[in-house]
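S.K.: Here is what each chain is made of, one letter per residue.
There are 2 protein chains.
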Amino acid sequence: MELHLHPGEAGDRVGSLYRQLREAIVDGRLRSGDRLPPTRTLAEDVGVARATVTAAYERLVAEGLADGRVGAGTFVAAGVRALQALNSEAPAAPMPVAGPLALSVVKPRPLPSEVRYDLRHGRPDPALFPLREWRALHVSEVSRTDLLRTAHDLAGEPALRAAVARHLGRSRGIAATAEDVVITRGTQQALDLLARTLLRPADVVAIESPAYIDAFAAFEGVRARLTGVPVDRDGLVVDRMPSRAALVYCTPAHQSPLGPVMSLTRRAALLAWARTAGAWVVEDDYDTEYRYDHRALDPMRTLDREGRVLYVGSVSKTLSPRLRVGWLLAPAAVRAAVLQVKEFLDPFGERATQRAMARFIDDGRLAVHVRRTGAVYAARREVLLEAVARELPTFDVIPGAAGLHITLTCDREPIDLDELVTRCARRGVLLRTVREASVSTSTPAPGTVSDGIILGFGTIEERDIPAATAEVARCAYGDGPRAR
Amino acid sequence: MELHLHPGEAGDRVGSLYRQLREAIVDGRLRSGDRLPPTRTLAEDVGVARATVTAAYERLVAEGLADGRVGAGTFVAAGVRALQALNSEAPAAPMPVAGPLALSVVKPRPLPSEVRYDLRHGRPDPALFPLREWRALHVSEVSRTDLLRTAHDLAGEPALRAAVARHLGRSRGIAATAEDVVITRGTQQALDLLARTLLRPADVVAIESPAYIDAFAAFEGVRARLTGVPVDRDGLVVDRMPSRAALVYCTPAHQSPLGPVMSLTRRAALLAWARTAGAWVVEDDYDTEYRYDHRALDPMRTLDREGRVLYVGSVSKTLSPRLRVGWLLAPAAVRAAVLQVKEFLDPFGERATQRAMARFIDDGRLAVHVRRTGAVYAARREVLLEAVARELPTFDVIPGAAGLHITLTCDREPIDLDELVTRCARRGVLLRTVREASVSTSTPAPGTVSDGIILGFGTIEERDIPAATAEVARCAYGDGPRAR
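Chains as they are written, first to last, in my numbering: chain A, 1152 to 1635; chain B, 1152 to 1635.
So the derived label-pair ranges between C-beta atoms look like this: (1) Ala1530(B) x Gly1515(A): 49 to 55 Å; (2) Arg1578(B) x Arg1376(A): 47 to 53 Å; (3) Asp1615(B) x Glu1240(A): 49 to 55 Å; (4) Ala1530(B) x Arg1351(A): 46 to 52 Å; (5) Arg1376(B) x Arg1170(A): 38 to 44 Å; (6) Gly1515(A) x Pro1247(B): 36 to 42 Å; (7) Ala1223(A) x Leu1262(B): 54 to 60 Å; (8) Gly1629(B) x Ala1484(A): 41 to 47 Å; (9) Arg1614(B) x Arg1523(A): 55 to 61 Å; (10) Gly1324(B) x Ser1394(A): 57 to 63 Å.
Derived by calculation from the structure, the hints in this document are not laboratory data.
Fair warning: this is a prediction, and the values are worked out from it, not measured in the lab.
Cβ coordinates follow ideal geometry from the N, Cα and C atoms, glycine included.
Required output: the full structure, derived from the provided sequences and hints.
M.R.: What follows is the structure, encoded as structure tokens:
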């Protein structure tokens, strides 16, 4: 038995000796039933105090690695056989990782080394974020919020719930009180809570196709069966809804990612369908704060008399997705069940953040911010639409007048959009196709939209838009005369 | 056609008129095809400017509620029929809410009006939280963290990942680098991410029975099939593991909620089982920071040579569950897949909180805090064990020397534990049975534990413990002579 023990570092000699002996037992140098050297002998061999050896042996005994028999010494325990057997075999091959479900369809494009123009959609401009103001509010709330002693409200800070209710009343015509609101960490958590609360395994969820990937992921997360419903220029094609579904997810204000507003007729038809199907309607009131014409339909929730519409929203598109502040409005029975799930999943929100946001809304700062940045985005959008009309004449803009991006189709003179986006990336221009920014699960039909390119103006500056669009045109048509 | 329109409030006359007309269309007073009054007539009737009426009509047209025909006036649109049909029917009965799954088994006991002693487990003492220190760090990080401009690390702030790796090296003998760590919002999010990443529908998950409810909820959330495995005084009874499972969840350091430490033999057997079954082992290293004797086995992760053990932990039991800081250590392939899921589910963590926590750990404050509070909890535990030995002689303490609670069984002279807890609550003493604090899914077998009472010492002060225990005894045995 060659143990080659060393005295270890001063200050942790017991631990060091214990670990060396443990290692020898685990790797099989010391076998089950072996007698450990007498403490005096080992102490001399290693050059440590006898008490150190005794303490290390005691720890081996305490951990089940050795047995001490009075008067007979210390023996490697019988129980280590399993451990030694485990280590005597070669490690198995690395385990395969099942990996995320739908998400595996998403193959993010590698970023080019040089980014000249970023036309990717989905994010507001960080440069427009009121950092100084927000920090002051946040610091003030962190300094005075007693994180631990006071009772915690599962639905979120009451001040923020009240502020959100007022905000939705003013900006979206929704009649709600603080009692109707559950604060979430953004839209994604709201969808996740709804999916977990309302869906049973193998329930059918109807979802727009193409659909916002994150929503798709939320419902697939609970292993629902997702059925895509096509989208045309009036939004979700309600005639193509499945006859049965537990829930439908939609973005009526600005279909994500295509952009059309769901017409009033379609909204009414969808509610009628939901009544017949006995289904919940999840209305993601996404991208509504920035509107560029009068087509500002009130949310479906204002048409709902049956407590069927579950309304979600957030500050991710107006302020920043990094703040993680969103909300869910639901009838009392759903709200109670959602809170039961939330208690297990994520009981404690960021109280200081929520209180700072309540003040940000109540002081009118959110409204001012939306107005101020809305003017900036409107100007960018105008320049982009002009540039597209001029530079990309074979593309059509899907009508829709909200949000931070436009979507173009090119059905008249089809080209390979993936190839276009790859060529753009090579020239440092970032954008995405509808296909890579969404999940399509329906068969395309005449009049419905299945692919296109998305041009975001959330983060690109106005002065860069003409050049960026010209670059996209160059990648689409080559440097020669424009294919008009 | 009696519309009874009123001029509305100054400042929003167009909106007011629009909403009144919309209401009349939606509720059917104005029907599809009806001609709206000429603008001049309506303006005079209501007492507003003609331009106001024109603008309100334009909005109706824009929203699809009306059609303007040049020279012929404005008509209620054909598309509103669906809407009117919807509203002409009586609202359907309120939708039934499927509700959470396993969680429905949990019926929280109503709190008594007066709480004299709180022996519920699972939370550290908020009075021991270093609020002043933490706030100073947090404020400093909120003030200087640029929330938006700098790149965001999906796995969490690098400083915190490095600090956690060092902390786990020192306190748990784990060899890890910042690269191995994913920061989560506590253990629950780590379990949720693992469940979503690694499980396919109907996969079998083996779980301790009784099990920590929140873990049960995480795996049930993705609709896994949960199989309970009984627990005895050496922890999980590995002989009773199912022959096949995709994953096993366990709390080897201090089984939740019973308290035994999983013996080394069992740990080795569990790893051997996992190899044969091709299963992942999720090790929830819960409640390990507070240890009261030498039985401090290193985590199973230190025995794992195959990248099979996925290790999770948090500051919830040492600092506070309200901070929402936890971690997951996983082999590279799992980590990459987890991050792919996290990108959809919850890409942005609380950066300022994470950076403050990194400093809290790096400055040695966490270690000092655990030492300081550990002495307080050790004293409470000592007093509680003495009081239990004296006052509750028919109960047995399950051996285990970590955490913030002890668990008692009363198999020798069984009594109705639910009734005991109810009687205690009536006298203002809060505690829970194992049954209500956990999910049991296995058939009890000889030697395994299926019920008991849990006495937490996380929030009760040392001086109150003898009286609280005496009160429990009074509820167990009545006021008469003790049933010994």
